[in-house]
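Colleague: Listed below, chain by chain, are the residues.
Number of protein chains: 2
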Amino acid sequence: MSTLKVVPLGGAGEIGKNCTVVEQGDDLIVVDVGLSFPHEEHYGVDIVVPDFTYLLENREKIRGIFLTHAHEDHVGALSFLLPHLKVPLVCTQFTAAMVRSKLEERMHIKDVEFKIVNPGDKVDAGQLSVEFVRVTHSIPETCALAVRTEHGVVFFTADFKFDFSPVDGKQTDMTRLSEIGEEGVVLLMSDSTNVDRPGWGPSESIVVEGLRRVVQQAPGRVLVTMFSSNIHRMQQVFDVARETGRKVTSTGRRMETTIDMCRRLEYLRLPHDLYIRIDDVGKYAANEIIVLTTGSQGEPMAALSQMSRKEYSRLQVAEGDTIVYSARPIPGNEGAIMRVVNRLYKMGANVVLDSDSPIHASGHAYQEEIKLMVNLLKPFYIAPVHGEPRHQHVYNELAQQMGWPEHRVFTLSNGDCLCMDDEKAWIDQPVVWGEVLIDQHGNVPVNDEVLGQRAALAHDGVIVVSLALDVKAGDIVGKPEAQVRGFSGPEEAVFDALDDLCGALAKLLPNEVRDVDKVRVLAAETVRKTVSRRCQQRPVVISVVCEI
Amino acid sequence: MSTLKVVPLGGAGEIGKNCTVVEQGDDLIVVDVGLSFPHEEHYGVDIVVPDFTYLLENREKIRGIFLTHAHEDHVGALSFLLPHLKVPLVCTQFTAAMVRSKLEERMHIKDVEFKIVNPGDKVDAGQLSVEFVRVTHSIPETCALAVRTEHGVVFFTADFKFDFSPVDGKQTDMTRLSEIGEEGVVLLMSDSTNVDRPGWGPSESIVVEGLRRVVQQAPGRVLVTMFSSNIHRMQQVFDVARETGRKVTSTGRRMETTIDMCRRLEYLRLPHDLYIRIDDVGKYAANEIIVLTTGSQGEPMAALSQMSRKEYSRLQVAEGDTIVYSARPIPGNEGAIMRVVNRLYKMGANVVLDSDSPIHASGHAYQEEIKLMVNLLKPFYIAPVHGEPRHQHVYNELAQQMGWPEHRVFTLSNGDCLCMDDEKAWIDQPVVWGEVLIDQHGNVPVNDEVLGQRAALAHDGVIVVSLALDVKAGDIVGKPEAQVRGFSGPEEAVFDALDDLCGALAKLLPNEVRDVDKVRVLAAETVRKTVSRRCQQRPVVISVVCEI
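Those sequence lines, one after another, are chains R and Y. The first sequence runs 0 to 547 under numbering that gives the first Met the number 0. The second sequence runs 0 to 547 under numbering that gives the first Met the number 0.
Next up, chain R with everything else stripped away, as it sits in the complex:
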């Protein structure tokens, strides 16, 4: 029997850009094709996607891309892969609808083949087969995947929690989980995002109580900010609005298109007149309005952030408004969120970040839920993914407490090739992997060199020094000049640099002057050195040499 390979191209040792290969013999499937968001040192980068080299090199073997659910970190990179790879996408109806709507922004989707499945369905993929198993999460129709191989089942939990009172009434299929556990799981690829939280996470449905209380006490309009994919949360806002006699509107393009799509496909259930256009808000009293808005992570261009800067023309935050943050900050976003929150307070609004009754519930399993999943599936090997090294570390400790010996728990990094045969498992040489940094306009990826240059430009700015050469005579013509942008050192440092440059040029012999490249390097080096000595700054220096 051939060796089974499981290779995370993204999502191992990080939360984001989930993308994993399962490969046996001539058959290969891809589980999820997600993106991640840049951190603050990723200057000018909007999206990070996995390096797809391994998929493109093995394109003949790929039997399908299987999607667990429609969150950006699981499907957001499809538009960067599909133009180069024609394979079917296999997913539920809701996931397909969300993916179509996102793909349409970036590519022609008529060439994309969708295979729509229901939870419980099995799909063949060469010698492999994939079963979709319903789990609960913060977006509808999330499915774990049981991938059947010659060596047993490789089980992807997807993002999951055990929500015993889900908003849409559709629970995790525990019967199938335990049957698959009996059948024999060779490897569990497990969500580990909340592994550091002890106990059980709260059900999504308790959020309605917190929202109800906030809305009942709010003297004026209520703005609720959340992820635009959180359909269950939206449903609860609509329910509270109906109870409290308020109308709902929305701001932010993604929020609006998602609501439209979910109403059309009946993933949101609401009376026709509950949802109003934003232009009609003025027809109602302030305490008759709830606004759903993007911006829960402090993203500078999101609707709520623009409102906080008084730059959003369609809606202005006013005294008496209540703004509810119904989303947990992604680590690193706290500073940006708090800047928005403080501006909202200064406008006279009240901001609810936290409440005695919860206004947010995580979509990911806490410790006891993870243990339940492991107990149902009884995997031989475990690999915690969808977590940073700190989460993987805690998961490994948890697995050992549950009796899994250390050699049966793998801490995978992106690119690692986890191999299994009937006797053992081992990590082989990594495949080609990496992160590809992309701006919102989809230009060529930002490489490390460009990123390094941007960091230098951001820190100390740029100095452009120009001079003219009479190549025939081997003479410098006139005096060098300088232009600066983003440079905060003293003017004198630049003047001194130009003086030093004149001195250095004067020492050149005529035939050295004729070597334009040499003069260009000399000019940049001289200016760099003098400026650094004078004011300890290291601006980027670009020299321009005109030949006359």
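It is possible that some hints are incorrect.
Heads up, the list lumps identical chains together, so a pair's fine if it works in one copy or across two of them.
To be verified - The calculated PhoX-like cross-link candidates involving lysine-lysine, where the alpha carbons are at most 25 Å apart (straight line), are:
1) 517 x 478
2) 4 x 345
3) 60 x 85
4) 282 x 377
5) 471 x 101
6) 370 x 309
7) 528 x 517
8) 517 x 60
9) 85 x 169
10) 101 x 517
11) 114 x 478
It is worth saying that the hints were derived from the structure and are not from the lab.
Keeping the supplied structure of chain R fixed, place chain Y upon it in accordance with the hints.
Modeller: Just chain Y now, kept in the frame of chain R:
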């Protein structure tokens, strides 16, 4: 009687750069001269200090600078003010020692006059007088200030908590607080940092239990990261080391100098042989070592951050090490901290960010402690400071719950001139105020224009376009050329831009060509427009025109 003015130049509506003026008639005192740290949009900025224009314009009236305690956000901007202003610094011995050590890095301090006081002392300042009242906080000898004016006492709480079992045994002077309350407090300037935390904060002394447990369970070295000014916390680490038979060393320049100073002045009490040099670490087994280190906020150049990147030559993190974060993340630093933490885990270390027994306690009063302070002092007016707008908002609600009517609680912004006479209080026209952005080398401050240029450079890089003009003939010589840095758009966008530029130049009449400035602007504009149209990027474009 003359109007009493209280003017925050920093620290109102923010946590950082505390600096407040109290002024009556011809007398003016300054309370604290602090700095704040930049956020991620402050490119290339290391320190933010208040605009001191108001102090310099009123230099004749200033009777002294009174310092509550030695934290950077209360004393860190002194080195930017004192070279321009010769006034005495009035503070306790410990604060003076810390300030001296910091000032020495930036200026000659023999010209700086210190007046050393003990808690309980009163100091005259013209018609004003200032009494130092001991409070507990996370640094020794913190004092609240009772400023006596013609209209009653203006009371600055400083940063405080009610710690009834402080590590150094020195409690808040509650007797004086209640006596001053009886005397009559017209205005309370109150710490509001933790006003959103209900109940009572834990005593600093309970941290020893958490530290002890972590150290006892650690199989190898323990690295504890904390603020280098947290002397009480250090003392507890030394105490735990002695108990558990470990030696202590330190890394990070500021940590080392502070420990030296505190041992010399006996603010730290430890046996001579407990503290060892870092070069001697190799003489001990791993489980005999504790390392105190800087880097609790993920600062890129701090010792712990360098260790996580394997760039710190004096100490390497190894498998089996335990790293304890004994400090709360400042909002906005979470992302940087987690990147360090994940790298430490990847090196095989264990990281303790949180624990069943506390490894950190805040230095700031929780809600009930704030209420106790207010009840002891019974101020007529209250102004919550040392808090962002969100903290001020919560404090105002708290004050109203305690019976203070809305018009007796002021939400101050920096620059606001809070005026009082015997009948009323009002906010007058703001004075000159602002934030001054400084790089670590103390160059001229970074202004908004430079910051805007750096943001643009960081996002899309720079294109330098150069061309040569024959001014006499009114001709363009040769072809325009371009150099790029940090630009990630396609090369073709630049080629197209140069083509368009050639086209635009060809249309110029000879006398238009002779207008060099016009050509320069045309070149930059043309390149900017074409690049933006071709790839939606907006790099900074700098044009160089050589005249021949």
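Colleague: Can you give me the call for residue 60 and residue 85, within, between, both or neither, at a CA distance of at most 25 Å?
Modeller: Answer is within: at 12 Å inside a copy they meet the 25 Å cutoff, but 78 Å across does not.
Colleague: Please work out whether the CA atoms of residue 282 and residue 377 approach to 25 Å or closer within one copy, between two copies, in both situations, or in neither?
Modeller: For residue 282 and residue 377, neither the intra-copy (58 Å) nor the inter-copy (47 Å) Cα distance is at most 25 Å.
Colleague: Using 25 Å as the alpha carbon limit, work out where residue 101 and residue 517 are close: within a copy, between copies, both or neither.
Modeller: neither (51 Å within a copy, 45 Å between copies)
Colleague: Could you place residue 471 and residue 101 in one of the four classes (within, between, both, neither) given a Cα distance threshold of 25 Å?
Modeller: Classified as neither; 60 Å inside a copy, 58 Å across copies.
Colleague: Indicate which option fits the pair residue 370, residue 309 if close means a Cα-Cα distance not exceeding 25 Å: within, between, both or neither.
Modeller: neither (48 Å within a copy, 35 Å between copies)
Colleague: When no copy is named, should residue 85 and residue 169 be tagged within, between, both, or neither for a Cα gap of at most 25 Å?
Modeller: Classified as neither; 33 Å inside a copy, 73 Å across copies.
Colleague: Could you figure out if residue 4 and residue 345 sit no more than 25 Å apart (CA to CA) within one copy, between two copies, both or neither?
Modeller: between (56 Å within a copy, 23 Å between copies)
Colleague: Please sort residue 114 with residue 478 into within, between, both or neither, judging by C-alpha distance up to 25 Å.
Modeller: Close neither inside one copy (69 Å) nor across copies (55 Å); limit 25 Å.
Colleague: Cα distance capped at 25 Å. Does residue 528 pair with residue 517 within a copy, between copies, both, or neither?
Modeller: within (16 Å within a copy, 33 Å between copies)
Colleague: Within, between, both or neither: how does the pair residue 517, residue 478 come out at a Cα-Cα threshold of 25 Å?
Modeller: Answer is both: 18 Å inside a copy and 21 Å across each meet the 25 Å cutoff.
Colleague: Could you figure out if residue 517 and residue 60 sit no more than 25 Å apart (CA to CA) within one copy, between two copies, both or neither?
Modeller: Close neither inside one copy (52 Å) nor across copies (60 Å); limit 25 Å.
In this structure, the earlier hints numbered 4, 5, 6, 8, 9, 10, 11 are contradicted, and the remaining ones agree with it.
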